[in-house]
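Mind docking chain V with the ligands on chain W? Use the hints.
The listed protein sequences correspond, in order, to chains W and V. Read left to right, the first sequence gives residues 0 to 346 (numbering that gives the first Met the number 0). Read left to right, the second sequence gives residues 0 to 394 (numbering that gives the first Met the number 0).
It cannot be assumed that every hint is accurate.
Unchecked claim - To list a few chain V residues with every Cβ distance to chain W over 12 Å, as calculated:
no.	residue
1	G32
2	F59
3	M61
4	K92
5	K93
6	D188
7	C191
8	S222
9	G235
10	D236
11	S262
12	T263
13	H350
14	E357
15	G389
What the hints assert, rightly or not - One side only, chain V facing chain W, incomplete, derived with CB under 7 Å:
no.	residue
16	Q80
17	E178
18	R255
19	A285
20	T286
21	C290
22	D321
23	D327
24	S374
25	N378
26	M379
Everything labelled a hint here was simulated from the structure, so no lab data went into it. Even glycine gets a Cβ: it sits at the ideal position worked out from N, Cα and C.
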Amino acid sequence: MQRTDRDALVRRAVSLMNDGVCDRVLAWRRGEFSSDVSPGVFTDTESVEKELVRNFFCGANLSKYLISETEKTEKKVLIFLRPCDSYSFNRLLSEHKFNREKVYAVAVGCDGTADIGKLKRKCGALSDIKRRGDKIIAESLYETNEENEENEENEANGAERVFDLEDVLSERCLSCNLKNRADCDEIISDGGRDAVSERFFEVRRIENMSSEERYEFWRGEFSRCIRCNACRDVCPACTCEKCVFSNPSSGVENKAAANSFEESMFHIIRAFHVAGRCTDCGECSRVCPQSIPLHLLNRKLIKDINILYGEYKSGESVSQISPLNSWTENDADPSEVAELLERSRSK
Amino acid sequence: MTSEKTKTEAKTKMLKISLEKTGLLFEKLSAAGKLYIPVDGAAGASFEKWDGKAGEANKFEMKMSSAHNTVKSAKDVFFPQTEDLMRFRVNGKKIEVTDCSDYLNNSNNSNNSDVARADNSAQNEKTANNIILFGVRACDVKSFEVLDRVFLSEPCDTYYKARRERTVIFSMACAAPRETCFCTSFGIDPSCPEGDVSCIADGKYIYFEIKSEKGERLMSSLSDMSDISDILESIGDSDPESVASRRREIKRRAERLPLSGVSTEPFGAGTTGRYFSSPAWEELSATCLGCGACTFVCPTCQCYDIKDFDTGESVVRYRCWDSCMYSDFTKMSAGQPRLTRLERFRQRFMHKLVYFPENNDGLFSCVGCGRCLASCPVNMNIVKVMKKLGGGAGD
Ligand code: SF4
Ligand code: SF4
Ligand code: SF4
Ligand code: SF4
Chain W
0 MQRTDRDALV
10 RRAVSLMNDG
20 VCDRVLAWRR
30 GEFSSDVSPG
40 VFTDTESVEK
50 ELVRNFFCGA
60 NLSKYLISET
70 EKTEKKVLIF
80 LRPCDSYSFN
90 RLLSEHKFNR
100 EKVYAVAVGC
110 DGTADIGKLK
120 RKCGALSDIK
130 RRGDKIIAES
140 LYETNEENEE
150 NEENEANGAE
160 RVFDLEDVLS
170 ERCLSCNLKN
180 RADCDEIISD
190 GGRDAVSERF
200 FEVRRIENMS
210 SEERYEFWRG
220 EFSRCIRCNA
230 CRDVCPACTC
240 EKCVFSNPSS
250 GVENKAAANS
260 FEESMFHIIR
270 AFHVAGRCTD
280 CGECSRVCPQ
290 SIPLHLLNRK
300 LIKDINILYG
310 EYKSGESVSQ
320 ISPLNSWTEN
330 DADPSEVAEL
340 LERSRSK
Chain V
0 MTSEKTKTEA
10 KTKMLKISLE
20 KTGLLFEKLS
30 AAGKLYIPVD
40 GAAGASFEKW
50 DGKAGEANKF
60 EMKMSSAHNT
70 VKSAKDVFFP
80 QTEDLMRFRV
90 NGKKIEVTDC
100 SDYLNNSNNS
110 NNSDVARADN
120 SAQNEKTANN
130 IILFGVRACD
140 VKSFEVLDRV
150 FLSEPCDTYY
160 KARRERTVIF
170 SMACAAPRET
180 CFCTSFGIDP
190 SCPEGDVSCI
200 ADGKYIYFEI
210 KSEKGERLMS
220 SLSDMSDISD
230 ILESIGDSDP
240 ESVASRRREI
250 KRRAERLPLS
260 GVSTEPFGAG
270 TTGRYFSSPA
280 WEELSATCLG
290 CGACTFVCPT
300 CQCYDIKDFD
310 TGESVVRYRC
320 WDSCMYSDFT
330 KMSAGQPRLT
340 RLERFRQRFM
350 HKLVYFPENN
360 DGLFSCVGCG
370 RCLASCPVNM
380 NIVKVMKKLG
390 GGAGD
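In isolation and in its complexed conformation, chain W is listed as follows:
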């Protein structure tokens, strides 16, 4: 595991632009607060030098933007790929979503990213937030207690609160353990965080609920959905040019679900549609403004695929063939599927 220095990224971007290799850079741009970082497209070296950041708050993956960005230039688009993003990169490539010739891919290692939602719920009004090793230091504008109620006794100008990194780390980073799998033009560094939790831990917890509990759990989660479709729009496996749900001529277009049944159907259909293609990048859960743990639906399907057709991770290579698009003699027989899945629950 290696930290990637911001300066290394800036240097590479500037020189590739100056050499005329690239004229667009996909990276992260600083915002209003230290925790406010956007995925950004840079088109000049000056803004690269001034605005590019690489830190704990760079949540967004970038490879899906290659679909549109490669169309906008005659030269190459420079992209920095973190380990998890390299899987999405491969996935998109294997579906021919962009022209590899028009991309200059640089691998960068990653030391974890924040779950901004968690962070915000933990902190009061932030004036600054920093990472120091495995601690997160949040400075508030004024003192609040644990519930973020203001603290009458101590009307200080600011207050510092310290968290363990793992408490505010994104779910996907907790179980990362990834290496860059894309065929990059260059490697600045490689490797994601060492996993501290097991990837299917939460899935198993939900599998072990009674069916009523499980139904209630998802009903509760989906009831908050506002159908903004951010989960779909960010997904590297959701690449239909026009999603049926946004296409007025499809007959099933819906800007809002007519009822809760429809609401669940949208998410379940989407999960099945990306099964075998979902790269487990965690972007769906990261972007959801209502903090719905969508990745758990996809992880459940990943887990089942692993059991029925053998270990498989979408995006490991460009040439891989999804077990759902192929048949081998070792595939589970339809008659044993139910039993195999049942048996796997307790594991």
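Chain V with the ligands in isolation, oriented as in the chain W frame:
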């Protein structure tokens, strides 16, 4: 004239309640109408219907959230995300049309098709229940003014109007504004929100200041209730000073907020030409997903679509929120007028900062609530747009 008078009178009508008794007050209020309060949930706070499940004495399970604001705004109460308007059923050679709107009872019981429109029946005025929105922040109260401009001007939206008119708003001063708040840029005072009854809390009491006749009527209907005098107290001599000092404290906090200097000055009516063709839109919109989360959480976004849904046995005509960020927004026979992401992105912000004030006496249709800052998956938002286009004011 009359409102002036009510205002001065209202000064004398300040009441207070001890914080521990809030649950009891909610119990009373919920008898006077359908009460919504902000409560904490897994994804942050949201306005929920108060259910008076009482635990031990004076303790209620539903506690008012202390969050600076709800994730979604309170606009759902007047303008729900989806709402059934009517139902068509083919019966032999006839088509039955049923009004299935629930705008009068605002309940999930859709069996009220025989209810006539509120504005042409005095009878309904009486039967319609109050809606009470408690704990609305200053920014959101201001957002209702924006929505009113849209829905109450001719042709008036009767669905909205019926709900809006019978809603009593208890606003609440902001004790703990967040780094995303910039209401003061729009001239909003978070320490002294508007509303029918304006509330402010310190560590011990909630103080109520009655601001409108509607608020007055509701408060006096409360005083008809038994044991309300145990809950609501008149204010004492020192209270006005506690309130004033509390307001000063909140103002100080608001001034120290990182975005408090964002300036609206470069925007407003007549500035279309200055920004429409700005090259900055390209960079600003480049990574927008077009998801529309910003429009759905925004208290002032007001666009909707009307669609038919075939249930198999009938067709339901419903309306639902729409977003200018969507590729099929305002699609016409000639196609979608804004073909690119950039054009759609520009529309949202130009509407808030330029077109709306242009058509509404300078009123901006952003109230600085900061929700789009908090919810955008790519952290793109109106503050970044304002700073980039308006020249970085407030750094
Ligand atoms: S991102 Fe969240 S709120 Fe938006 S559609 Fe997906 S699940 Fe629903
Ligand atoms: S544009 Fe953003 S800050 Fe302004 S009112 Fe809407 S959600 Fe709030
Ligand atoms: S924007 Fe202003 S009124 Fe709204 S929650 Fe923040 S401080 Fe309160
Ligand atoms: S600005 Fe943000 S929230 Fe709004 S549509 Fe674009 S990505 Fe979604």
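Hint-by-hint comparison with the structure:
1. G32: Given a closest Cβ separation of 24 Å, the condition holds.
2. F59: holds, 17 Å
3. M61: holds, 16 Å
4. K92: holds, 26 Å
5. K93: Non-interface label stands for V:K93: nearest chain W Cβ at 25 Å, farther than 12 Å.
6. D188: holds, 18 Å
7. C191: At about 18 Å from chain W, V:C191 clears the 12 Å cut-off, so the statement holds.
8. S222: Non-interface label on V:S222 holds, nearest chain W Cβ at 30 Å vs cutoff 12 Å.
9. G235: holds, 20 Å
10. D236: The claim stands: V:D236 keeps its Cβ more than 12 Å from every Cβ of chain W (closest is about 22 Å).
11. S262: Correct as stated: the minimum Cβ-Cβ distance to chain W is 14 Å, above 12 Å.
12. T263: Answer for V:T263: holds, closest chain W Cβ roughly 16 Å.
13. H350: holds, 18 Å
14. E357: Nearest chain W Cβ is 27 Å from V:E357, so the label holds.
15. G389: holds, 14 Å
16. Q80: holds, 5 Å
17. E178: Result: holds, 5 Å to nearest chain W Cβ.
18. R255: Holds. Min distance 6 Å.
19. A285: This interface hint holds because 4 Å falls under the 7 Å limit.
20. T286: holds, 4 Å
21. C290: Where the cut-off is 7 Å and the nearest Cβ of chain W is about 4 Å from V:C290, the hint holds.
22. D321: holds, 6 Å
23. D327: holds, 5 Å
24. S374: V:S374 check passes; min Cβ-Cβ to chain W is 4 Å, inside 7 Å.
25. N378: Hint holds; V:N378 Cβ to chain W Cβ min 4 Å, cut 7 Å.
26. M379: Holds: closest Cβ of chain W sits about 6 Å from V:M379, inside 7 Å.
Going down the numbered hints, you'll see the structure goes against none, and every one checks out.
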